[in-house]
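Chemist: Residue numbers (my numbering), protein chains in the order written: chain A, 56 to 327; chain B, 73 to 255.
Since the hints were derived computationally from the structure, they do not count as laboratory data. Built from N, CA and C at the ideal position, the CB exists for glycine as well. Any given hint could be a false lead.
[Stated by the list, open to error] If you want the ones that stay clear, here's a sample from chain B, every Cβ over 10 Å from chain A, calculated:
hint, residue
1, Q77
2, T78
3, L144
4, E168
5, M169
6, A172
7, V179
8, V223
9, F224
10, N231
11, Y236
12, Q237
13, P238
14, E241
15, T242
[Said to hold, decoys possible] Computed footprint of chain A on chain B, listed as stretches where at least three residues anywhere in the stretch have a Cβ under 8 Å from a Cβ of chain A:
hint, segment
16, 97 to 110
17, 122 to 136
18, 195 to 202
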Amino acid sequence: MFRKKQYLALGAVTLLALLIFSLPPRVTGHLKLAVGSLFLPLFGLANTSQQLPADLADSVLPRRELLQQIDRLRRQNEQLQVQTVQTAAIARENDQLHSLLGWQQQAPWKLKLANVVTRDPANWWHTVQIDLGSRDGLRENLPVLTAEGLVGRVAFVGYTRAQVVLIGDPNCRVSALVDNPAHDTGILNAGGPVDTSLVEMTYLSGRASLKPGQNVFTSGLGGVFPKGIPIGQVVDSRPVEFGLYTEARVKLSADLGALEQVWVILNPQFNQ
Amino acid sequence: MNLLQTTLVLAVAFIAVFGEATFPVLRHWLGVQVDLLPVLMVYAALSTDILTVSLLAVLGGLWFDALSANPLGISILPLYAVGFLMCFRNDLIQREMAFARLVLGTVASAVVPALSVLCLLTAGKQPLLGWGTIWQWLVMTAGGAAATPLVFALFDWCNRALGYQPRIETSFRPDREIRRGRI
Chain A
56 MFRKKQYLAL GAVTLLALLI FSLPPRVTGH LKLAVGSLFL PLFGLANTSQ QLPADLADSV
116 LPRRELLQQI DRLRRQNEQL QVQTVQTAAI ARENDQLHSL LGWQQQAPWK LKLANVVTRD
176 PANWWHTVQI DLGSRDGLRE NLPVLTAEGL VGRVAFVGYT RAQVVLIGDP NCRVSALVDN
236 PAHDTGILNA GGPVDTSLVE MTYLSGRASL KPGQNVFTSG LGGVFPKGIP IGQVVDSRPV
296 EFGLYTEARV KLSADLGALE QVWVILNPQF NQ
Chain B
73 MNLLQTTLVL AVAFIAVFGE ATFPVLRHWL GVQVDLLPVL MVYAALSTDI LTVSLLAVLG
133 GLWFDALSAN PLGISILPLY AVGFLMCFRN DLIQREMAFA RLVLGTVASA VVPALSVLCL
193 LTAGKQPLLG WGTIWQWLVM TAGGAAATPL VFALFDWCNR ALGYQPRIET SFRPDREIRR
253 GRI
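Excised from the complex, chain B in its bound form:
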């Protein structure tokens, strides 16, 4: 477990949830708030270990539900379902490919809200649904897809700036130095 990466992922999740609740710019224009937690989950599943994925699902879900009218804990399982599956099949995913990341970001942004609504309906709650929900779902999916490369770029930059860089081995060895004498 890379402590820096885990801390960064959780810190970004915390700020993302706060931003979604405090700055409703997108909601004002499109009537939809894009959720960044599924995209973060994709990053966590592809670049970190199961512990970070679990922490992100639990803490991210709790933070999201605390600022929402959702019953507490309802967002944990949808997030974790997506994160766990990606982490489980991590070795089969070409995680370095930008297109693969984009597809996974799109799928996660589509699946997590759908599963959340399903969980709410199963729990006997009455979320606000209608024809407009399809529009909201499409915008959330597209927004998540658009945010995926940005999130990966942000974390790559943070890791370069804050993490230890791998030591570059040179081919120079003092014992193999060729000393040339005067010809």
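Just chain A, same shape as in the assembly:
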């Protein structure tokens, strides 16, 4: 009798697992979000608990220190305002030249700030979840970045949350361009499972002349990432397949292990 109960349970669980696994991706995606929403109360609790030490530290910060910080930030703000004026002038000039040449003009990026809510608990994926969703205008394949550089792309969008695949994950491939005289292009592939700061750049030309320290940017090819987003710097390179093409290791500019806030580009443009 006892064994019969165990066999019944085995059959039921196996059947249920296979049933869930064979559902269409769209349905499992929504089911995933529904199950994930059970954690919403805990997200709030975790945010509060993480913010509490910072609030406590702020409350004991001396007034003199705060005044110094305000002064420093005010000066930095003035410098940035001057730079903004200069950048706007350059952008106007650039637009005029674009219209003279008959090129399509680039609209400025529409960015939205998002908080990183969770990281992938499985060690074999590099993904995070952010607190923006379709209600904030997010859709699949939007580029995600920080002030330092590219982070990844939006992979799945729910109503209030979205999953971001980070660079280095096998599901996030980026067409990249090396800032050297030859403008060598390649594909950023998966990195190592432990070190998230290094990724492989493959399919570079066999005659590519890469040097350590050269900057790597998005090439704008592929229809996901706009051109010119900084990615990182070349660490080293080696010829593969008897010199048929070159592979390089790229150190990412953004620290993917310590992401707290990221920017999502809502209107990526791919015109050259």
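Got chain A sorted already, so can you dock chain B onto it with the hints?
Modeler: What follows is chain B alone, placed relative to chain A:
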């Protein structure tokens, strides 16, 4: 089925999955996140019944996959395979021995991620694998082994604090009381 134990196991599994996704302290230092669900499965298989094991496999697997990029439902079968085998051979395991628990915790923490990766590869997915995976697997196994005695101690404490304690029978019986008179 002990409802308190089942509820406790599921509640701890829920918090464990949430903790793994929200507090990446270990991942920051070692590049690995230790999974506590296999250890919980060992506890459930040794101390509860097949229903709790089944519920833990289904709900724990679903919760884990919901916060991960895993296809939904892929973690259920690896967890259940380990839990079912331990539950099936429950009578042959000396579950009160700390060493037996430790060995089972180690084996479960090693087998569940390996089976999960195998399921992913069978399903045609491309998980991030490399030489570093061996390091991750070793740390996950060691972390699971280290967590096993703690999980058992936690549940023992919870059961003592929240569960009904067995009534202790004394040898005193009023009808057997010897009344001594004045000598």
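Chemist: A separate judgement is required for each hint: does it hold in the structure or not?
Modeler: Against the structure, the hints:
no.	hint	result
1	Q77	holds, 17 Å
2	T78	holds, 14 Å
3	L144	violated, 4 Å
4	E168	holds, 21 Å
5	M169	holds, 23 Å
6	A172	holds, 21 Å
7	V179	holds, 19 Å
8	V223	holds, 17 Å
9	F224	holds, 22 Å
10	N231	holds, 23 Å
11	Y236	holds, 24 Å
12	Q237	holds, 27 Å
13	P238	holds, 23 Å
14	E241	holds, 29 Å
15	T242	holds, 34 Å
16	97 to 110	holds (count 6)
17	122 to 136	holds (count 10)
18	195 to 202	holds (count 6)
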